[in-house]
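*Asks:* The residues making up each chain are set out below.
Protein chains: 2
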Amino acid sequence: MTQQIGSWSLQFAEAPFILSSASVVGKKEGEGPLGELFDMVCDSDKFGEDSWEQSESSMQKEAAALAMGKASLEPKDIRYVYAGDLLGQTIATSFGLMEYEIPLFGLYGACSTCGEALSLAAMCVAAGYADHALALTSSHFASAEKQFRFPVEYANQRPLSATWTVTGSGAFVISSTKGKAKITGITTGVITDYGVRDSMNMGAAMAPAAARLIVQHLKDFNRLPDDYDAIITGDLGYVGQEILWKLTENEGYDISRIHRDCGIEIFDKDRQGTQSGGSGCGCSATTLSACFLPKVESGEMKRILFVPTGAMLSQVSFNEGQNVPGMAHGVVIESA
Amino acid sequence: MTQQIGSWSLQFAEAPFILSSASVVGKKEGEGPLGELFDMVCDSDKFGEDSWEQSESSMQKEAAALAMGKASLEPKDIRYVYAGDLLGQTIATSFGLMEYEIPLFGLYGACSTCGEALSLAAMCVAAGYADHALALTSSHFASAEKQFRFPVEYANQRPLSATWTVTGSGAFVISSTKGKAKITGITTGVITDYGVRDSMNMGAAMAPAAARLIVQHLKDFNRLPDDYDAIITGDLGYVGQEILWKLTENEGYDISRIHRDCGIEIFDKDRQGTQSGGSGCGCSATTLSACFLPKVESGEMKRILFVPTGAMLSQVSFNEGQNVPGMAHGVVIESA
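Going line by line, the protein sequences match chains A and B.
Last residue of the first sequence: 336 (the working numbering), numbering continuous.
Last residue of the second sequence: 336 (the working numbering), numbering continuous.
Check the hints yourself; a few may be wrong.
What the hints assert, rightly or not - Looking from chain A toward chain B, a few residues come up when the C-beta cut is under 7 Å (computed):
hint: 1; residue: I5
hint: 2; residue: W8
hint: 3; residue: L66
hint: 4; residue: S94
hint: 5; residue: Y129
hint: 6; residue: S314
What the hints assert, rightly or not - DEER-style ranges, computed between Cβ atoms:
hint: 7; chain 1: A; residue 1: R303; chain 2: B; residue 2: G299; range: 32 to 38 Å
hint: 8; chain 1: B; residue 1: E153; chain 2: A; residue 2: S7; range: 42 to 48 Å
hint: 9; chain 1: A; residue 1: N156; chain 2: B; residue 2: Y154; range: 26 to 32 Å
hint: 10; chain 1: A; residue 1: R223; chain 2: B; residue 2: D268; range: 54 to 60 Å
hint: 11; chain 1: A; residue 1: R303; chain 2: B; residue 2: S7; range: 33 to 39 Å
Simulated from the structure, these hints should not be mistaken for lab results.
This structure is a prediction, so every number in the text was calculated from the model and none was measured.
Each residue gets a CB set at the ideal place from its N, CA and C atoms; glycine is no exception.
For reference, chain A alone in the conformation it holds in the complex (with noise of 0.2 Å):
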C-alpha cells in the first residue's frame, strides 16, 4: 500500500508510469541549447492563432497530441487531464484543451504547475481512478509579459535578475502501462514567504520554496543529495540557483554537485540576452519532456527529483504591495 511518509510525501507501493511525453516550443526555445531536442518547434510564436493566449492553447493543443499519439492512445483513453497555465483564470487551458472532451481538473500553482499535475495525475493512477491520465502545462513570453508585467511591444529594459518566460507546452501520459520511466514518490509543498517583493526577481522569490521542500523531500525519505543523479529545479535561474545551495548547504545538504535548473538550461544566456535564465509552467515542462526524462528512461540516470517551483503573485496582489511567496512540488522519478 503507498505510503503518508514523513510530513510533506507519498511513497507509491505500486508506482505509476510515465508512458509518454511531448514537447512544443517556440522560436527563440529552438534557438537555444536544447532546440533539437523538442519534438516541435514553431517558426512563429503565434502558432498560426490571432492572439497570445490562443496561440497558448494551440501549442496546449498539439502537446496533449503528440504525448497520446505516441503512446498510441487517442483522447477517449485518457480518463483525467490534469492541467493549468500562468494566465488569469487559466485560459489558456480552458480553451486549449476543450474540443478533447476529457474530463479536466484544473490547477493553478505557478511555474510549479507542472510538477503539481504530475503528483496528481500520479496520485490518480496509483490509486486504479485512471488507467491513463494527462498531465499538461504551458507558458508563452508574450501572453505572460502581459499578463504579470507589461505588454511586449513596450519594450521594456530587463534587469540581470529577470528571467525569460519560456513559449512552451510538455504534456506527460502517466498511466498503469508499463513504461520506461515510473514516478515512485511525491512531496508536495507549502506556500513559502521571505518576504521578496520584487517581480523582476522570480529566483529569489521562489528559492525558499525549493530549498524547503528538496530539504523535506530528503528528511521524509530519509535519503541524501547522493541517492539522485540530479535534483532539478524548474525556473530558479542563475539568481535563483545560488541562493537555493546556500539556503540548502545552511541546512547540511550540499546539492551543487548534482543540482540542475531547466531555466539555465533552456537558453543561452549570453547569446540569448536572457539575463537569469528561462521561467514559466512550460520551462520545467518542456526540459523535463526533452532533455531528462529521456536519460531516465534510457537508464543513464536511474533516479531524479523534479522540483517546479512557482512564485505566487498576480498584477493585484503586486500593486497592492503584497510580497511575492514562492510554490514547490516535487517529484521523484526512476527508471523502469
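Given chain A's structure and the hints, the job is docking chain B onto it.
*Replies:* Same frame as chain A, but now just chain B:
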C-alpha cells in the same frame, strides 16, 4: 476497490466522510434567507483588511480555522489542502492559507471549484493518501467585480440575467474518520461551449455544462433523478435553471421537482436586488455547508448530487471576443 464507472465517474468502495464544514459570509449574505445558518457573518465585507483581495484571503483563513476547529483538528493534522478562488493567479488562496503551512494543491475551476476540491480531496482520502484533507474555496463580490467587470465604485447597471457574486468562503474536512455524511462518488465534467458570449449571463453559459454533467452522471451510475433527494447546482440562478431544466428534459430526464440551486437559495431576489441569483465559488460552498449538508447529516436528505458549475472566462478572453464555455463537477453526498 473503487471503480471507474461509465465515462466520467468514480464510485468509492470505501467512501470518505465529510467530518466537518464551515461557512463564513459577508453582510448581504447574512441578511438573506440563509442568514442564520452561516457560521460567521461579518458586519463589514472588509473582514478587517485593507483590500478586497486580502478580505477574501481573510475569509478563507477563518473558514479553514472553523472547519478544523469543529473536527478538533489542527493544521498539522491536515495532510493536504485542495483550494482555489476566482481571482487571477488564485491570490485569495495563496495569501489566505499560507500561515497554516499545509501542503497545497492550488485549483482553478471558476465557480465549480468547490466541486473540484471536494472531488480531489475525496479521491485522496479514499486512496489512503491522507487521513484528513481540507477542501476550500471562496469568492468576494468586490474582488470579483473588479476582476471580471468594473470596479464597484463605478456603480454600473446590471441586466436582469446578471448574478451577484457571493462574499463567502466554505471549507470542508474530508476524512477517513467517520462523520455523518460521506462522499460516495464523483462525476468530473468536461469544458462545454454552446457559444454564449454574454459575461452578464453566466447562468446561460454554465447551464449546458451542468446539463451534460447531470445526464452523464445518471447514465454512469444507472440512476434516475428520483434516486436523489436533491440535485443541487451551484449558481445557475433563475435564468440558468430554466435552461438546465429544458436541456435535461430534452435528454429524457425531468429534474425540475428535485432541482435546487444555491444561487437561488442564498438571496431573496425581490428584497435584495440580486437579479438572477447568487454566484461565485463561495455561493455553492457556503450554501452546501450551511443549508444542504446539515440536512444530509440529519438524515432529512439521504442522497444529494452537488453540481457546482463554472464559467471559463477571463477579462482577457472576454475582451478578445472568445465565448464563455462552462464547466461542472458532480459530487454524490449521502448520509453516513
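*Asks:* List, from low to high, the hint numbers that the structure doesn't satisfy.
*Replies:* As far as the earlier hints go, 1, 3, 7 are violated by this structure, in ascending order.
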